[in-house]
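Going by numbering that gives the first Met the number 0, the sequence shown opens with residue 0, and the numbers climb by one from there.
Honestly, the hints are just simulated from the structure, not real lab data. Please read all numbers here as calculations on a predicted model, not as lab measurements. Hints should not be assumed to be uniformly reliable.
[Stated by the list, open to error] Calculated lysine-lysine pairs in the BS3-like style (CA-CA distance at most 25 Å, straight line): (1) K64 to K15; (2) K6 to K38; (3) K75 to K10; (4) K15 to K58; (5) K87 to K29; (6) K6 to K64; (7) K15 to K32; (8) K87 to K15; (9) K75 to K64; (10) K32 to K58; (11) K38 to K75; (12) K64 to K32; (13) K38 to K64; (14) K87 to K58.
[Claimed, not checked] Restraint-style ranges between C-beta atoms, simulated for each label pair: (15) P28 to E96: 35 to 43 Å; (16) N49 to G8: 19 to 27 Å; (17) T93 to S45: 43 to 51 Å; (18) P78 to N36: 14 to 22 Å; (19) P14 to W106: 17 to 25 Å; (20) V22 to E96: 33 to 41 Å; (21) I27 to R111: 13 to 21 Å; (22) K75 to I99: 33 to 41 Å; (23) L101 to P62: 25 to 33 Å; (24) Y11 to F56: 30 to 38 Å.
Idealized CB from N, CA, C, for every residue including glycine.
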Amino acid sequence: MRAREMKPGLKYLYPKEGVLAWVDNMVIPKGSKNPANAKAFIAFLSQPENAAMTQNFLKHQSPIKGVEPFLDAGLKDAPELHIPEGTKVVFSQTCGEGAIRLADRLWTNLMR
């Protein structure tokens, strides 16, 4: 989007082969010290006006319904955020079991 804002003549294109997609998740780790606060924080971030603030800052699409009235004008029709219907979308692969165990071990050690 920044490049398009700097050079309005640029056009955003989607390759015929498809586009890569991914999903960000908000989760509460097992054994969290305060899951009630974590749930409240997730609920706060999931309110449309707060989700829109996040989308305006990060410039990515939001799955939260009702964000549209709170979005910056340039995001409402940004071609980078609105994949044309019929475009092939491929989700990134999940890490293998070994990588998941390693990440879990690293995170556990970090939290000690």
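Right, here's what the structure says about each hint:
no.: 1; hint: K64 to K15; result: violated (29 Å)
no.: 2; hint: K6 to K38; result: violated (42 Å)
no.: 3; hint: K75 to K10; result: holds (16 Å)
no.: 4; hint: K15 to K58; result: holds (24 Å)
no.: 5; hint: K87 to K29; result: violated (35 Å)
no.: 6; hint: K6 to K64; result: violated (31 Å)
no.: 7; hint: K15 to K32; result: violated (47 Å)
no.: 8; hint: K87 to K15; result: holds (8 Å)
no.: 9; hint: K75 to K64; result: holds (13 Å)
no.: 10; hint: K32 to K58; result: violated (32 Å)
no.: 11; hint: K38 to K75; result: violated (29 Å)
no.: 12; hint: K64 to K32; result: violated (30 Å)
no.: 13; hint: K38 to K64; result: holds (19 Å)
no.: 14; hint: K87 to K58; result: holds (22 Å)
no.: 15; hint: P28 to E96: 35 to 43 Å; result: violated (19 Å)
no.: 16; hint: N49 to G8: 19 to 27 Å; result: violated (35 Å)
no.: 17; hint: T93 to S45: 43 to 51 Å; result: violated (24 Å)
no.: 18; hint: P78 to N36: 14 to 22 Å; result: violated (38 Å)
no.: 19; hint: P14 to W106: 17 to 25 Å; result: violated (35 Å)
no.: 20; hint: V22 to E96: 33 to 41 Å; result: violated (19 Å)
no.: 21; hint: I27 to R111: 13 to 21 Å; result: holds (19 Å)
no.: 22; hint: K75 to I99: 33 to 41 Å; result: holds (37 Å)
no.: 23; hint: L101 to P62: 25 to 33 Å; result: holds (29 Å)
no.: 24; hint: Y11 to F56: 30 to 38 Å; result: violated (20 Å)
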